[in-house]
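Our numbering puts the first residue of the first sequence at 1, with every later residue one more than the last.
Incorrect hints may appear among the rest.
[Said to hold, decoys possible] With beta-carbon atoms standing in for the labels, derived distance ranges:
no.	residue 1	residue 2	range
1	GLY99	ARG165	31 to 39 Å
2	ILE33	PRO79	29 to 37 Å
3	VAL153	PRO18	13 to 21 Å
4	ARG103	GLN163	19 to 27 Å
5	VAL153	PRO101	33 to 41 Å
6	GLN147	PRO101	40 to 48 Å
7	PRO101	ALA223	28 to 36 Å
Just so you know, the hints here were simulated from the structure itself, not pulled from any lab data.
Using N, Cα and C, we set each Cβ at its ideal position, and we do this for glycine too.
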Amino acid sequence: MPRMDFPTTAAAARLLQPELAARVIAEDALGPIRTVAGADASTLRFDPTRTVHAAMVALDAESLTPLGEAGATHSGGLPYIPGLLGFREVPPLAEAFSGLPIRPDLILVDGHGLAHPRGLGVACLLGVTLDVPTIGVAKSILVGSIQGALPDVAGAQAPLVWQDRVIGMALRTRRGANPVYVSTGHRVSLPTALAWVIALGRGRRLPEPTRLAHEAATRVRLAARAASA
DNA sequence: GCGACAG
DNA sequence: ATCTTGTCGC
């Protein structure tokens, strides 16, 4: 099992970013997608111990039937720092990944992929760490702005542009709801990423794998709280 | 110096 | 990210 060493300080994480970002593959390098997974983390608002509860939920890509889930809790890592989210969440996420009953062909990560100032959002870091295709699905913008109009119609899209480059796509998955921001994580092109996010939707704002992972991560946190009481 | 800032 | 009831709207 190839283990990766994660930086312990923000400074070390920043130094490592260019090297890791260079490993990201922004093109389609994936086989048939039969199973997918959602990945998310849950933390406490104010927590000096910096505990992160992570969860991954695997599902059948076609029927969206859940196939299993796993969680992991890590403490003492980095705090939340914009731009360094991956270094905080990927260690517990990678452990959760190893607890899944199956190895998913594709992972939807809660947060950005290449739509990041140094091209290393949490989805990219998880992808290169596990060497699994990943897609970033974020609920708000980290950098860049939407180019053009985004009609209030389900399916509407508009490029997310930063420094004259398209780094992702704003996608309105539901009428009357704010868009989600889709970007390449690893081994998936942006058009393919968009297609999968749409295919894995269920008429709600967030795609099903992401939604289930969010609920699972919350359960991991509540279970940890109950266990320590 | 000021404002922005995934989760 | 999390704390939370009722409430507005299709």
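Hints versus structure:
{"no.": "1", "hint": "GLY99 / ARG165: 31 to 39 Å", "verdict": "37 Å, holds"}
{"no.": "2", "hint": "ILE33 / PRO79: 29 to 37 Å", "verdict": "35 Å, holds"}
{"no.": "3", "hint": "VAL153 / PRO18: 13 to 21 Å", "verdict": "39 Å, violated"}
{"no.": "4", "hint": "ARG103 / GLN163: 19 to 27 Å", "verdict": "36 Å, violated"}
{"no.": "5", "hint": "VAL153 / PRO101: 33 to 41 Å", "verdict": "39 Å, holds"}
{"no.": "6", "hint": "GLN147 / PRO101: 40 to 48 Å", "verdict": "42 Å, holds"}
{"no.": "7", "hint": "PRO101 / ALA223: 28 to 36 Å", "verdict": "19 Å, violated"}
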